[in-house]
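Got chain A sorted already, so can you dock chain B onto it with the hints?
Here the protein sequences line up with chains A and B, keeping their order. Residue numbers 0 to 164, in numbering that gives the first Met the number 0, belong to the letters of the first sequence in order. Residue numbers 0 to 245, in numbering that gives the first Met the number 0, belong to the letters of the second sequence in order.
Each hint can be trusted.
Facing chain A, according to a computed beta carbon distance under 8 Å, are these residues of chain B, among others:
no., residue
1, ASP125
2, GLN150
3, ILE214
4, VAL228
5, ARG232
These are calculated hints, taken from the structure and not from any lab test. Virtual Cβ for every residue (Gly too), placed ideally from N, Cα, C.
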Amino acid sequence: MKRAIPVLLLSVGGLVPVWMYSPGAAHDGELSEVAAPEPQQQTQKQAAPQTTGSAPKTTGSAPKATGAAPTTQQQQQQAQTRNVPGPAVQTSEGTVQVQVTLQGTKIIDVKALRAPNSNPTRMALPLLRESALKAQSADIDTVSGATATSDGYKQSLQAAIDGAR
Amino acid sequence: MPVRRVEHIMGLPISVDLRDGDAALAERAFAWLEEADTRFSPFKPDSEVSRLDRGELTREELTPDLVEVLALCDWYEESTCGAFTAQVPGRGLDPCAVVKGWAVQRAADILREGGASVFCVNAGGDVVTAGEPEPGKPWRVGVRHPDLADQLSVVLGVRDGAVATSALYERGQHILDGRTGQPVTGLLSVTIFSDDLAIADTTATAAFALGRDGIEWAASQEDCEVFIVDEDRRVFSSPGLPVHMC
Chain A
0 MKRAIPVLLL SVGGLVPVWM YSPGAAHDGE LSEVAAPEPQ QQTQKQAAPQ TTGSAPKTTG
60 SAPKATGAAP TTQQQQQQAQ TRNVPGPAVQ TSEGTVQVQV TLQGTKIIDV KALRAPNSNP
120 TRMALPLLRE SALKAQSADI DTVSGATATS DGYKQSLQAA IDGAR
Chain B
0 MPVRRVEHIM GLPISVDLRD GDAALAERAF AWLEEADTRF SPFKPDSEVS RLDRGELTRE
60 ELTPDLVEVL ALCDWYEEST CGAFTAQVPG RGLDPCAVVK GWAVQRAADI LREGGASVFC
120 VNAGGDVVTA GEPEPGKPWR VGVRHPDLAD QLSVVLGVRD GAVATSALYE RGQHILDGRT
180 GQPVTGLLSV TIFSDDLAIA DTTATAAFAL GRDGIEWAAS QEDCEVFIVD EDRRVFSSPG
240 LPVHMC
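Looking at chain A on its own, in the form it has when it is part of the complex:
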């Protein structure tokens, strides 16, 4: 994951010229863009980035919901929230791809679309390993695990260990 951070930053950096060019380029289908339907949802997306978790499917910048208040294209670009996915970058750890969310020409969010070990839990907990629970019996010296009552203790592995010696 340590390597992924510079890669993410580089990817974001690489997006900047793309983003500078995007007002015209979007119509050429070079970039995938999704227009946020209305301002309320923009706020929600900032608060809970996972709601934009799916990769954008539509291409082209024609907004559907904002059509209710027609404006010139320039004005739309100022107000629109657009998700712009960056290129997928191959690293030794796996594929990394970031997406920036733009409001007008301002970046308001950056998130990973794809990252090594892209299970969300592992993304959130880089310090931890995740595995399935297993049961084993083994020769041990003592047991950790609450055997807090007398009855519980009598039936516990710890009692067996205490009594065996």
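Showing chain B alone in chain A's frame:
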């Protein structure tokens, strides 16, 4: 001469496996635990904790020991935004979650100061170890499987250290979220490995009180390695956990 002894103190079965001390030293450790129970139990009307709770003592009048215990309570309460608390709303002061690990760690310190270097103390499933039971081998501390009482979910190899587990399997839902007063959910079993049982035990309880948020919280605590089972039977473990390969 090896000593093995089990006593029930603070409502806990406490086992002492002392490999290089004598019965008198073990007795001193148990006497301390009895004293800690007398002084800090919220269930004994004359205890310092009960007297503080009734307003018969001010914080300035407390013994340094209770000041230390309450400072630990306060620190963990703040760190967990109140999920861990010694003062659940509507209930009396109950610092038991800290007192247990703290008192057992001090019992282990008494053994060490008395010259013992190889021992294992187990208080209701919370463990302090010292040295090696056999040359070159650590104490093998099995962590109880959350569903199967006679099975283990992992075995840790510990020399000088502490292992505490907070889990639901026996006493029912005994840990309350201090923020809501409701039983906590999300986790089945939290095991913490640390240098000190006061830290390990309190961290385990506090992580449990946080529910799933406790996984990351516990893993980020200083000097703590975790082994946590959530309700979906997923295991989260620190890379530094001293897993013993059997």
